[in-house]
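K.L.:
Model the full structure from these sequences, guided by the hints.
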Amino acid sequence: MNDGVNGVALAVFIFFFLLVTVMGFLAARWRKAANEHTLDEWGLGGRSFGTWVTWFLLGGDLYTAYTFVAVPAAIYAAGAAGFFAVPYTILVYPLIFTFLPRLWSVSHKHGYVTTSDFVRGRFGSKGLSLAVAVTGILATMPYIALQLVGIQAVLDVMGVGGGENTNWFIKDLPLLIAFGVLAAYTYSSGLRAPALIAFVKDTLIYLVIAVAIIYIPIKLGGFDEIFASAQEAYSETNPATGAPRGALVPGEAGQWTYATLALGSALALFMYPHSITATLSSRSREVIRRNTTILPLYSLMLGLLALLGFMAIAAGVKVQNGQLAIPQLFENMFPDWFAGVAFAAIGIGALVPAAIMSIAAANLFTRNIYKDFIKPDATPKQETAVSKVVSLLVKVGALVFVLTMDKTVAINFQLLGGIWILQTFPALVGGLFTRWFHRWALIGGWAVGMIYGTVAAYGVASPTQKHFGGSAKEIPGIGEIGYIGLTAFVINVLVTVVLTFVMRAVKAPEGVDETKPQDYTADAGDPGVQVELPPATAGSAH
Amino acid sequence: MSQTPQTTPGPVVTPVRVVIGLCLLAPFVAMLWVGSYAKTDPVFIGIPFFYWYQMLWVLISTALTMVAYKLWQRDQRARTATKGGAEQ
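Note that the protein sequences, when read in sequence, are chains A and B. Counted from 1, the first sequence has number 1641 at position 168 by our numbering; the numbering is strictly sequential. Counted from 1, the second sequence has number 21 at position 15 by our numbering; the numbering is strictly sequential.
By construction, these hints were calculated from the structure, which means they are not laboratory data. In this text, all values refer to a predicted model and were calculated from it rather than measured experimentally. Here a beta-carbon is modelled for each residue, glycine too, at the ideal position from N, C-alpha and C. You may find that some hints are simply not true.
To spell it out: a stretch of chain B is covered by chain A in this simulated footprint if at least three of its residues, at any positions, have a beta carbon under 8 Å from a beta carbon of chain A; those stretches are [as the list claims (entries may be wrong)]: (1) 19-25; (2) 34-44; (3) 63-76.
With a cut-off of at most 30 Å between alpha-carbon atoms, the simulated DSBU-like pairs for lysine-lysine come out as follows [unchecked claim]: (4) A:Lys1791 / B:Lys45; (5) A:Lys1989 / B:Lys76; (6) A:Lys1791 / A:Lys1644; (7) B:Lys45 / A:Lys1946; (8) A:Lys1692 / B:Lys45.
P.N.:
Right, here's the structure in full:
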């Protein structure tokens, strides 16, 4: 679609890429602790981050490059339905306000690094902990792969992705380089690298959105014009389905889908290992509560970003692959140098979450598979070494995934990952509030939810795909179209409740709960709660 | 949205905690009731109601969460004071 390479944009992109690379390696020295060979240090940044670092880290973690590309792309493709990301991120914060501080407290008290650690400690069940860990790893892998898809979209538009005829190695070389560098600094600096780079990423993103939301509408003749041309585009009939392409406002039938997608996604978000990793790296309980009040700033940005999808239509951007709509919009509307800044924002936006996700997946493997099942007497130093290597393997796996398989495979798996990860909610959040659920009932509910979700998603067809064509399907018993993940979750909870009664009746062993009620409200400074103060690196952001 | 029992003395459900719960619950009611905002009018600076209303709720829910946070902080402080311990 592009002739040649956009030199200026590429130069700006490379400049920022080099900048964050240097930062990534230097991050190892940032607030360095005396003993760096523990998983708390490498995998949780010493559990020392204050309000602002946590804010940047979580923001950089949750609002990924794929989000930036996919949300406006969904709007570009179908209109209102894609906007569910906004209510979704609105609902996340009141939700986590209720349970995340409890997870923080109990994790600090007992030194838990992952959600599976907590589940094992709470329910005394390695099996349940393994189920949660495997679900987490499975859900995270395609998510990392999608970050690569985000980088690829930007490289394509800049003209360095190569044409269809180019040798695959030359074509993918830029991506290989980007990923090699990412892998190297994650290996050496751990969670500190994405924490530091997140500053650059978010500054760039906010800058680009602020400029785009003012500059592009002015060039396009205002929002009236933009929505008028979007309305026109949506009313055109899609030859593949015979229905209109989309709508500016969801119709009666789409409202259940809209609401269930928003709720289901909100419930799922903090089940993802990378969200929890960023949460547990914070210094205190207060840091988390305070963050629930400032993180919505990102939601506002996401809403504005979604509007770019309409602008792409109004600006006459025509792309086959919707993922390219926004990068193409930037290329068309901005001067070359600023397009470079925008591309750098998306590219770095992929690196931060990819690093955190690979660390989170590695922690899960190390703590809940390697230590629990392979080498129970592993020392903290060995744990860290294993985690570092696994973080590399996870990234290589994602890379192979993206390079060898069709992009839609990664997207399908990401869709499934969201459904799967939601099935760990009863064990984790349920466990934070009550010990009533029986551990075997939780495994049963989880298994039923996983199977239902997978089978249901497999059966969804779309004009372009026979299977995994979407994430919404008729809800059994209600008849409306709803998010499969949420339906599976409800079934999961029902099965868990029924099985708990059964297990109680047959007096199945409960397992040992190593936590105490007061552990869930402990804060830094309370007796028994480790406060890992980094050596005084005066002036570091708090 | 349960505010779970603390090990501190005093009733578990207090008026303040009910307000906290309502602050946290309100965004769910507003956002999941899609029918209440699935319309184009009134348009604001050219943006259909559907879009600006939801963006407005980002701000409203932020304010509500902030209120909940402040009330919770005060609630905790009061409880710690009656217990005779010092927080942090």
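K.L.:
Identify every previously stated hint that the structure contradicts and give their numbers, smallest first.
P.N.:
Checked against the structure, the only hint that fails is number 1, while the rest are satisfied.
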